[in-house]
Amino acid sequence: MNWMEGWWAYVFIAVGGWLATDIWRWLGVIAGNRLREDSEALNWVRAVATALVAAVIAKLILYPTGVLAQSPLWLRMAAVILGAFGFFLGRQKPAAGIATAIAVLAAGLWWLGF
Amino acid sequence: MEDAEDERSSLAWFVTGARGIFSLPAVILMLSFVGFCALTVQAGIPPEQVIFMTGAVWALPAKVILVSSILGGASLATAFLAVTLSSVRLMPMVAALVPELRGPRTPTWLLLVLSHFIAITAWVFAMERVHDVPRNHRATFFAGFGITLVVANMILVGVVYHLVAEFPPLVAGCLFFLTPVYFLASIWHSARHPVIYVALAAGLVAGPLCYWLAPEFDILLAGVGGGTVAWFGERLWRRRREAKT
Chain A
1 MNWMEGWWAY
11 VFIAVGGWLA
21 TDIWRWLGVI
31 AGNRLREDSE
41 ALNWVRAVAT
51 ALVAAVIAKL
61 ILYPTGVLAQ
71 SPLWLRMAAV
81 ILGAFGFFLG
91 RQKPAAGIAT
101 AIAVLAAGLW
111 WLGF
Chain B
1 MEDAEDERSS
11 LAWFVTGARG
21 IFSLPAVILM
31 LSFVGFCALT
41 VQAGIPPEQV
51 IFMTGAVWAL
61 PAKVILVSSI
71 LGGASLATAF
81 LAVTLSSVRL
91 MPMVAALVPE
101 LRGPRTPTWL
111 LLVLSHFIAI
121 TAWVFAMERV
131 HDVPRNHRAT
141 FFAGFGITLV
151 VANMILVGVV
161 YHLVAEFPPL
171 VAGCLFFLTP
181 VYFLASIWHS
191 ARHPVIYVAL
201 AAGLVAGPLC
211 YWLAPEFDIL
221 LAGVGGGTVA
231 WFGERLWRRR
241 REAKT
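In order, the protein sequence lines correspond to chains A and B. Residue 1 is where the first sequence starts when you use my numbering, and the numbers rise one by one after that. Residue 1 is where the second sequence starts when you use my numbering, and the numbers rise one by one after that.
Think of the hints as simulated: they come from the structure by calculation, not from any bench. Hints may contain errors.
Beta-carbon label-pair distances, calculated as ranges [claimed, not checked]:
(1) GLY6/A x HIS162/B: 20 to 26 Å
(2) TRP237/B x TRP111/A: 38 to 44 Å
(3) ARG192/B x TRP8/A: 47 to 53 Å
(4) MET77/A x LEU213/B: 18 to 24 Å
(5) ALA103/A x ALA243/B: 26 to 32 Å
(6) TRP8/A x ASP132/B: 31 to 37 Å
(7) ASP132/B x LYS93/A: 15 to 21 Å
Which bits of chain B does chain A cover? Going by a derived footprint, with three or more residues having C-beta under 8 Å, they are [as the list claims (entries may be wrong)]:
(8) 9-22
(9) 131-145
Please read these numbers as outputs of a predicted model, since none were measured by experiment. Every residue, glycine too, gets a C-beta built ideally from N, C-alpha and C.
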């Protein structure tokens, strides 16, 4: 039996995804009316929130799923590091960093015979 | 007469926001969604559910975690906890944007509805451009952008679902890699506070470290631990600098 069959899948997505994210958006609206922009509490929340997403990013790069799971770690690291060079040389334009990283990855994958 | 005038300009601002679909952040997000679509195909999630997920959850990192939970056979409670913990960042993002979006007559219910369309891309876009919009049209402008972006990606996901399975591995790999690289670049680019840079670095180091120590709670540990260290370090540095001057 597939867990994703029927209405249960939609309940799973609605509760595990929709409600789980919109709770924070609603609290954000309420807090936005109260939390002072320069408060130390907001600073801490910002730091924790950013570190959470950074941890997700690190996992996506180090332990990817699908096709990239078969690619060597050194290639993914090289793509990110050279992408960072591209980003800073390109006046911190996201497009510069993203294009460099993807170009390095594509060249590496092609060279490895993907 | 004045109301009619106001109506027309509201529509104009909605369209101006909707036109943001052709901006670079929107295009990169759509490419990331193609990559995400490939992930859902590999996970065996049917297309209707992927479309529903796109509209309902919207935030891409939350969806990636939801799909990972599904792949790992997690229970609803575990998936809910993982997604909730990883989505804490939405709260300060929304809280920072609300004072910018709100006009003197904007009702709270409208902000609650509009908050659903806030994720990294829409947030970066709004924080950058909302200053050029007259205050009483800002909510309309954001609604135009946010709703268009969500609907466009729901359609996109439905259209590409059957195509991504036939993508050559090289293309699928590059599309998947867009997501982490795009998040890295856009978080750094849109950071308005020094603590963001420190926290980003701390999270990148703490993530794998916590995965190695306690794989079940890695994201939470890395977020709270790494974030607190980053906040404390940055505060210490800030205080010391303030004491010197």
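Results of checking the hints against the structure:
One distance hint, 20 to 26 Å for the beta-carbon pair GLY6/A and HIS162/B, holds here, with the actual separation near 22 Å. The hinted window of 38 to 44 Å between TRP237/B and TRP111/A holds, with their beta carbons roughly 43 Å apart. In this structure the supplied range 47 to 53 Å is violated for ARG192/B paired with TRP8/A, their Cβ-Cβ distance being about 42 Å. Separated by about 21 Å at the C-beta atoms, MET77/A and LEU213/B satisfy the suggested range of 18 to 24 Å.
Between ALA103/A and ALA243/B the Cβ separation comes to about 46 Å, which falls outside the hinted range of 26 to 32 Å. Checking the proposed 31 to 37 Å range against TRP8/A and ASP132/B shows it is violated: the Cβ atoms sit about 46 Å from each other. In this structure the hint that ASP132/B and LYS93/A lie 15 to 21 Å apart at CB holds, the actual value being about 20 Å. Closer than 8 Å: that is the beta-carbon criterion, and the region 9-22 of chain B has 0 residues meeting it against chain A, so the requirement of 3 is violated.
Under the rule that three or more residues need a Cβ within less than 8 Å of chain A, the assignment of the region 131-145 of chain B is violated, with 0 such residues.
Going through the hint list in order, the structure does not satisfy hints 3, 5, 6, 8, 9.
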